[in-house]
Amino acid sequence: MDFIKELFKQLQDIMQENKDYLIDLDSVVGDGDLGLTMSDGFTAAYKKIKDTTEADIGKTIYQAGKAMSTAVPSTMGTLMASGLMEAGKNLKGKTELDNSDIALLFKSYFDGVAKRGKAKLGDKTFLDGLGPAVDSMNTSVSAGDDLKTMATKAFEAATKGFDDTTKMKAVHGRAAIRGEESRSLQDPGAAVATLIIKALCNSVE
Amino acid sequence: MKKIINEPVDYVKEMLEGLYIAHKDQITYTNDDVHCLITTNKKDGKVGIATGGGSGHLPLFLGYVGDGMLDGCSVGDVFQSPSAEQMLEVTKAIDAGAGVLYIYGNYNGDIFNFDMAAEMADMEEDIKVESVVAGDDVASADDTAATNTRRGVAGIVLVYKCAGAAADKMMNLDEVKRVAEKAAGNVRTMGVALTPCIVPRVGKAGFSIAEDEMEIGMGIHGEKGIRTGKLAKADEIVDEVLEKILGDLPHAKGDEVVVLVNGLGATSLDEQYIVTRRINQHLAEKGLAVHKYYVGEYATALEMAGFSISVLKLDDELKQLIDAPANTPFFKQI
Numbered sequence: 002m003d004f005i006k007e008l009f010k011q012l013q014d015i016m017q018e019n020k021d022y023l024i025d026l027d028s029v030v031g032d033g034d035l036g037l038t039m040s041d042g043f044t045a046a047y048k049k050i051k052d053t054t055e056a057d058i059g060k061t062i063y064q065a066g067k068a069m070s071t072a073v074p075s076t077m078g079t080l081m082a083s084g085l086m087e088a089g090k091n092l093k094g095k096t097e098l099d100n101s102d103i104a105l106l107f108k109s110y111f112d113g114v115a116k117r118g119k120a121k122l123g124d125k126t127f128l129d130g131l132g133p134a135v136d137s138m139n140t141s142v143s144a145g146d147d148l149k150t151m152a153t154k155a156f157e158a159a160t161k162g163f164d165d166t167t168k169m170k171a172v173h174g175r176a177a178i179r180g181e182e183s184r185s186l187q188d189p190g191a192a193v194a195t196l197i198i199k200a201l202c203n204s205v206e
Numbered sequence: 022m023k024k025i026i027n028e029p030v031d032y033v034k035e036m037l038e039g040l041y042i043a044h045k046d047q048i049t050y051t052n053d054d055v056h057c058l059i060t061t062n063k064k065d066g067k068v069g070i071a072t073g074g075g076s077g078h079l080p081l082f083l084g085y086v087g088d089g090m091l092d093g094c095s096v097g098d099v100f101q102s103p104s105a106e107q108m109l110e111v112t113k114a115i116d117a118g119a120g121v122l123y124i125y126g127n128y129n130g131d132i133f134n135f136d137m138a139a140e141m142a143d144m145e146e147d148i149k150v151e152s153v154v155a156g157d158d159v160a161s162a163d164d165t166a167a168t169n170t171r172r173g174v175a176g177i178v179l180v181y182k183c184a185g186a187a188a189d190k191m192m193n194l195d196e197v198k199r200v201a202e203k204a205a206g207n208v209r210t211m212g213v214a215l216t217p218c219i220v221p222r223v224g225k226a227g228f229s230i231a232e233d234e235m236e237i238g239m240g241i242h243g244e245k246g247i248r249t250g251k252l253a254k255a256d257e258i259v260d261e262v263l264e265k266i267l268g269d270l271p272h273a274k275g276d277e278v279v280v281l282v283n284g285l286g287a288t289s290l291d292e293q294y295i296v297t298r299r300i301n302q303h304l305a306e307k308g309l310a311v312h313k314y315y316v317g318e319y320a321t322a323l324e325m326a327g328f329s330i331s332v333l334k335l336d337d338e339l340k341q342l343i344d345a346p347a348n349t350p351f352f353k354q355i
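As given, the protein sequences belong to chains A and B, one line each in that order.
When the letters of the first sequence are read in order and numbered with our numbering, they come out as residues 2 to 206.
When the letters of the second sequence are read in order and numbered with our numbering, they come out as residues 22 to 355.
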């Protein structure tokens with residue numbers, strides 16, 4: 002549970018630190034409120050669980066997701082909350098996490114967002130940052146990497162995934178209105194995914 | 022910005038407070054949150070119907086909570102979705118043991134939150150929830166897209182009417198959902214805007230329409246329409262809108278329809294009836310019989326000037342449900 006609390010603290014901190022970075026990225030393709038949404042959302046999530054006495058990690062993550070959905074009911078806020086809530090459902094009953102559980106956490110996060118947003122890999126979204134990181138984690142689990150190595154490799158994969166969004170055409174949200182023109186732009190959602198994995202790295206430092 | 026308001030940040034809260042004062046016999050709220058609006062007249066064993074969405078569209082969405090229509094509505098900030106938790110609170114309050122049907126417009130923010138609320142209701146409260154998403158705007162139709170791109174606009178009121186009457190007849194959840202889907206599948210809407218609207222907290226319009234121009238097919242948040250054109254005569258505008266609607270709505274000579282003429286907020290009733298006159302001529306020429314007209318403000322876009330026309334094609338069942346009585350703060354029918 003201490004690990005989860007630390008992870009949510011790192012998520013809050015990294016989103017606050019990168020608020021302006023996300024606002025700038027989002028202003029190019031969206032309406033510019035992504036930095037505020039992520040900062041407010043992850044702050045609400047951490048606030049909800051930082052003093053929890055709940056032992057069930059799944060329930061705790063679910064509660065954090067729910068707090069986020071209430072704090073930021075915008076499109077991206079609800080998507081991120083959906084990822085957390087799905088992760089919470091799949092980790093229900095766990096009081097500690099091994100590396101495969103942590104991989105499952107992020108895999109469930111991915112699935113929750115994909116399901117809610119009806120999106121898939123290659124659509125130039127958040128998923129294109131998180132997806133490669135999840136694959137990398139699964140490889141690490143099979144290879145028996147320690148947590149720090151697993152997180153570092155996942156961050157590299159997420160960063161590459163984010164860079165690769167400049168080759169994709171947007172099919173969701175406002176960016177999609179630009180059609181082919183959207184291709185060269187970096188996807189702000191995928192940037193959020195790299196920050197999430199960076200927060201994981203920070204929490205295992 | 023020229024509005025009769027206090028602080029822009031209090032706009033929605035104070036609007037709701039006024040509504041609860043004026044209609045205290047019909048509506049109240051749950052969970053100590055004015056954004057979680059419910060009927061005062063809950064009926065045992067009836068399917069509960071909830072809607073929700075951003076503010077700025079009165080009478081939509083909350084104005085149709087009452088006898089014979091809806092049981093609850095979660096209310097968001099201007100043009101913003103309410104949260105899933107608010108939707109969940111409304112769901113809990115209106116469930117009378119027969120499950121709850123969500124009927125709302127086709128917008129991502131609303132869809133994500135209602136989907137989440139439905140999962141919470143199932144997981145946390147064991148309430149069975151079904152959803153029908155209304156997308157009646159023909160101007161935003163893109164039938165090549167993978168998902169339905171049609172925005173939900175004024176036609177949703179007719180979906181509320183049919184589904185509400187079905188629930189009132191004590192049909193079960195699956196049946197009420199079937200009726201709502203049938204009504205949603207047979208209603209089409211298109212609008213024309215003459216002026217933009219101003220979100221109070223923003224303070225200025227996000228776009229402009231030239232003095233001598235109109236925006237054909239504009240959405241109720243100012244989404245771009247099909248084309249911008251010179252302002253035409255009422256009859257010509259009606260003809261263009263109806264051509265588009267009837268081109269999209271499968272119909273045959275002799276079919277009966279319901280027509281809803283809707284002012285967007287700043288267009289006079291006089292103008293709306295001038296429009297109604299031409300609609301009747303046009304539909305008669307096409308061999309369609311109008312069973313009933315609704316004329317007035319049903320789904321506005323703050324102070325936008327303009328109007329929309331909705332056409333619902335009837336069958337015997339929908340006709341009976343449309344004719345059933347209803348009594349809500351903004352929709353009364355004996």
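Check the hints yourself; a few may be wrong.
Stated by the list, open to error - Taking lysine-lysine pairs in the PhoX-like style, the calculated list, with each CA pair at most 25 Å apart, reads:
#1 LYS154(A) with LYS121(A)
#2 LYS265(B) with LYS90(A)
#3 LYS119(A) with LYS149(B)
#4 LYS60(A) with LYS116(A)
#5 LYS149(B) with LYS170(A)
#6 LYS274(B) with LYS245(B)
#7 LYS203(B) with LYS93(A)
#8 LYS60(A) with LYS245(B)
#9 LYS245(B) with LYS116(A)
Stated by the list, open to error - Footprint (simulated), chain B over chain A, 3 or more residues, beta carbon under 8 Å:
#10 2-8
#11 114-127
What the hints assert, rightly or not - Short, incomplete list of chain A residues facing chain B, as computed with Cβ under 8 Å:
#12 SER83
#13 ASN139
#14 LEU148
#15 THR150
#16 LYS154
These are calculated hints, taken from the structure and not from any lab test.
Backbone N, C-alpha and C define an ideal beta-carbon position, used for all residues, glycine too.
So, going through the hints one by one against the coordinates:
no., hint, result
1, LYS154(A) with LYS121(A), "holds (22 Å)"
2, LYS265(B) with LYS90(A), "violated (46 Å)"
3, LYS119(A) with LYS149(B), "holds (22 Å)"
4, LYS60(A) with LYS116(A), "holds (20 Å)"
5, LYS149(B) with LYS170(A), "violated (38 Å)"
6, LYS274(B) with LYS245(B), "violated (33 Å)"
7, LYS203(B) with LYS93(A), "violated (39 Å)"
8, LYS60(A) with LYS245(B), "violated (43 Å)"
9, LYS245(B) with LYS116(A), "violated (28 Å)"
10, 2-8, "violated (count 0)"
11, 114-127, "holds (count 3)"
12, SER83, "holds (6 Å)"
13, ASN139, "violated (26 Å)"
14, LEU148, "violated (30 Å)"
15, THR150, "violated (35 Å)"
16, LYS154, "violated (31 Å)"
Comparing the model with each numbered hint stated earlier shows that hints 2, 5, 6, 7, 8, 9, 10, 13, 14, 15 and 16 do not hold.
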